[in-house]
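Q: Sequence:
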Amino acid sequence: MTDHATTPDAGTPEGIDDAVRAELTSLRESIDNIDAAVVHMLAERFKATQRVGRLKAEHKLPPADPARERDQIKRLRELAAGAHLDPVFAEKFLNFIIAEVIRHHEAIARA
Numbered sequence: 001m002t003d004h005a006t007t008p009d010a011g012t013p014e015g016i017d018d019a020v021r022a023e024l025t026s027l028r029e030s031i032d033n034i035d036a037a038v039v040h041m042l043a044e045r046f047k048a049t050q051r052v053g054r055l056k057a058e059h060k061l062p063p064a065d066p067a068r069e070r071d072q073i074k075r076l077r078e079l080a081a082g083a084h085l086d087p088v089f090a091e092k093f094l095n096f097i098i099a100e101v102i103r104h105h106e107a108i109a110r111a
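Residue numbers (UniProt numbering): 1 to 111.
These are calculated hints, taken from the structure and not from any lab test.
Errors might be hidden in some of the hints.
Result set (DSS-like, lysine-lysine): computed pairs, CA atoms no more than 25 Å apart in a straight line [said to hold, decoys possible]: (1) LYS56 with LYS74; (2) LYS47 with LYS92; (3) LYS92 with LYS74; (4) LYS60 with LYS47; (5) LYS74 with LYS47.
With the hints as extra help, turn the sequences into a complete structure.
A: Given below as structure tokens:
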């Protein structure tokens with residue numbers, strides 16, 4: 001919580017310059033659109049990994065593939081560096097996704 005009173009709809013301090021408020025609103029709308037795109041891209045990624053999980057289960061393959069995971073982390077770190085995104089953050093993000101994918105694959109294999 002801040003010391004500033006905020007307007008209920010804008011989430012910004014009262015008395016802020018109208019031009020600043022407009023720019024802040026525009027930037028936040030852009031962020032909201034990017035967040036929506038990220039969610040939709042993750043949904044598509046998980047649809048693909050579910051298909052991988054079913055294929056692995058059908059052929060009695062292990063849920064995890066450490067070599068593939070290492071290659072993906074290396075690739076993502078390089079992409080992140082090229083995009084001026086912290087490679088450590090990118091690796092943490094991918095590790096979180098990989099853990100969830102493995103959990104899904106293990107559940108599919110048990111089913």
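Q: Each hint should be assessed against the structure and marked as holding or not.
A: How the hints compare with the structure:
no.: 1; hint: LYS56 with LYS74; verdict: holds, 23 Å
no.: 2; hint: LYS47 with LYS92; verdict: holds, 21 Å
no.: 3; hint: LYS92 with LYS74; verdict: holds, 12 Å
no.: 4; hint: LYS60 with LYS47; verdict: holds, 20 Å
no.: 5; hint: LYS74 with LYS47; verdict: holds, 23 Å
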